[in-house]
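Enquirer: Each chain, written out:
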Amino acid sequence: MSPAIAGALARLPEYLSQHVLLSVSAIVLGCLISLPLAVVAARSAMLRGPALGIASVIQTIPGLALLALFYPLLLVLSIFTQDTFGFTFRALGFLPALLALMLYSMLPVLRNTITGLTGVDPAIKTAARAVGMTSWQSLLLVELPLAAPVIMAGVRTASVWVIGTATLSTPVGQTSLGNYIFTGLQTENWVDVLFGCVAAAGLALVIDRLLALAETGMAQRSRVRLIAAGVGLAVVIGASLLPLVGRTETHVVVGTKSFEEQYILGALIQGRLMKDGIGATRRDGLGSTVVFNALAANDVDVYVDYSGTIWANHMKRKDMPGRAAVLKNMAAWLKDKRGIAYVGPLGFENAYAFVMRRDRAEALGIKTLSDLALHARGMKIGGDYEFFGRPEWKSVVKAYGMKFAEQRQFQANFMYRAVVDGDVDVIAAFSSDGRIAQYDLQLVTDTKSALPPYDAVLLVSPRHANDGKLLSALEPLVGAIDLSSMQRANLMVDREKDKKTPEQAADWLESVIKP
Amino acid sequence: MAHAPAAAPIIAFQEVAKVYGDTAAVRGLNLTIATGEFYVLIGPSGCGKSTTLHMVNRLSEPSSGRILIDGADASTLNPVGLRREIGFVFQAVGLFPHLTVGENVAIAPRLLGWPPADIVTRVAELLEIVRLPPQAYLHRMPAELSGGQQQRVGLARALAARPRIMLMDEPFAALDPLTRDDLAADYRAIHDRLGLTTVLVTHDMTEAFLLADRITVMHSGEVVQTGSPQELLNAPADDFVRSLIDTPRRRAKRLAELMHVGAGT
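Order-wise, the sequence lines are chains A and B.
First residue of the first sequence: 6, per this note's numbering; consecutive thereafter.
First residue of the second sequence: 21, per this note's numbering; consecutive thereafter.
What the hints contain is simulated information worked out from the structure, not anything from laboratory work.
Among the hints, a few may not be true.
Rough simulated footprint, nothing fancy, chain A against chain B, three-plus residues with beta-carbon under 8 Å [to be verified]:
hint: 1; stretch: 43 to 51
hint: 2; stretch: 213 to 227
With the C-beta cut set under 8 Å, the calculated list includes, among others, these residues of chain A facing chain B [unchecked claim]:
hint: 3; residue: Thr86
hint: 4; residue: Thr139
hint: 5; residue: Pro150
hint: 6; residue: Pro154
hint: 7; residue: Ala158
Source: prediction; values computed, not measured.
No residue lacks a Cβ here, since even glycine has one placed at the ideal position from N, Cα and C.
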């Protein structure tokens, strides 16, 4: 078996169990709310319109947006309960995913239950009254059994939707089969992406067939089919959840943002913690602001951020006091304002860096941004989608009086090819990207310090800020990773040939960093 | 005014009206139905006869007036309890399609909380009464039965909790003529044997003449005439009643002529 597939398979029990736990909880909870609501709505035309209307509107919200909306909502709520009642809950992970998916499951169940109940032959309903059934008995003994196949069809639709949409819960910090897809997309590991898609589709298909069996069992009043469907569901769900049984509660959550360097560092940190006997799980692929807020809220315990990001985005600072001063001010701000512990810098920067082809730079005698500014009018510059809108770019333009003939935007991976092929003359790259070394690109230095420093820094959540065991496990990483090691590790994951998984790259990095 | 029945009335309508919006389905209705009577309400579609029947067990509530059941004002009785003590048979039958024949028949005793063993005995007894051998029919589903067999099950279901009153809303109208006559004759025998009080709604005058002790003719929500079949035949109150009884009369005459011609050759 290829190592890529073996690696994907190794993560299947964890991802599948989480995916099934989340989906089943969302469907069960959704049905518990939708069924009674539908029963009431079927009897009251006044309620039917609004109930179906609201459920339809929820359905039109894209799944990813619905999931993303629940995180800030729960965060505000958890801060409120902390302040008011003195308790808090995790706003990241299971809860927002559960609530969003539960809402998502409601429309088909609601609609089918209402259709099923209102579709019962009026003569049969009159007969139920005439033999002396109360309205409740008529519902339980006659109407619900007759509507059951239609209701079951709704549950089936909802289940397929929820299992599919649950793959989108990765960015809000809930592990699911979507982890394959999100990390696979970021690291261009198509085996992972495909594996995630097939696994989610396969799960949806199996559950759909079993529920279809239950549906025909109800329609044909076949006890054998119903029992077979029930046993099948129990076996599939039970087997999927098995990895969760007896698992010790891990108390450290390692977060990562959604690019390869972060996945490698996440795997590295997790490995270190496990080696020191500290239980650790990972929340991969979180949004940049989400992961910072999650750390402050104790939903994530450890992650690597970059000093410039915290300086500009969270501290809202525009001045550039230099690399060391930024770290010092940042550490104090994190501790005072958010209670976050700053462990230290890892030893490399992942900053915006202007690079060009070495032969071209040498021919033109370009070593610094000041040199570049002299030739800029006749040159094309490339950057990622957000670079030309960021303060870093404005700062460079201002400091060096830079003006290019043309600015072009690229997806980060294509940017490097573009400069190598001569489509553009210079690009705003990421300094720790392995492709700078791979393509032997020349770094154009920022002598006026117009670009802020982006030291990779190790941060720990407030609740573990004084956890001596955790801190002493992390401290050896401070200053241990130099730029070229990080570049090489990143390249292992980025390159097309002999592509490695983030975990493999983390193993390599672990083997070369200072003891 | 029709003569008062000899026995004490088990059902009495006193100035009952039922209004839907601004149209009156029934108005100024006064009826007295004696214990043990086979009482037929007849009239064209929309004359208010079904509405009248539905008001007896409170499937429908009167807009004004009073309905007395055994002398008690029905509006003071618990509707669910009332319905469990009164059998009801529909033209649409309304068997529960997800339950077997046996389960359909057992429904009222089950709702009344009879001991399971008593229910089993009762169901078998009822299927015998409606001439559906239990060993062949107990576990069948309603969809597997013919229309006439379904109505026999409907009848058994209505009789299950030993009601004293049976309400029947065009029970034989959807059946083919042979099955209809068969079932109607069977039911009249059951009525007599069990000492039931039956109120039956129909638009078929022949059926009314063959079954009823007394008949009330209704038209546009009002009573036109009440009397025994004999009284109606001999002294129709107006042209409307005359036209109603004309059809069976004409049929009988034509049949007699045909039989006479046949006998003569």
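Enquirer: Indicate, hint by hint, whether the structure satisfies it.
Expert: Quick rundown of the hints versus the structure:
With 0 residues carrying a beta carbon less than 8 Å from a beta carbon of chain A, the stretch 43 to 51 of chain B misses the three-residue requirement, and the given coverage is violated. Check result for the stretch 213 to 227 of chain B against chain A: violated, 0 residues qualifying (beta carbon to beta carbon below 8 Å, three or more required). Using the Cβ-Cβ criterion of 8 Å, the hint placing Thr86/A at the interface with chain B is not satisfied: the shortest such distance is roughly 46 Å. At about 5 Å, the closest approach between the beta carbon of Thr139/A and any beta carbon in chain B falls short of 8 Å, and the interface hint on this residue holds.
Using the Cβ-Cβ criterion of 8 Å, the hint placing Pro150/A at the interface with chain B is satisfied: the shortest such distance is roughly 5 Å. Given hint, Pro154/A at the interface with chain B, is violated; its Cβ is 10 Å from that chain's nearest Cβ, farther than 8 Å. Given the 8 Å rule on beta carbons, the hint for Ala158/A is violated: about 17 Å separates it from the nearest Cβ of chain B.
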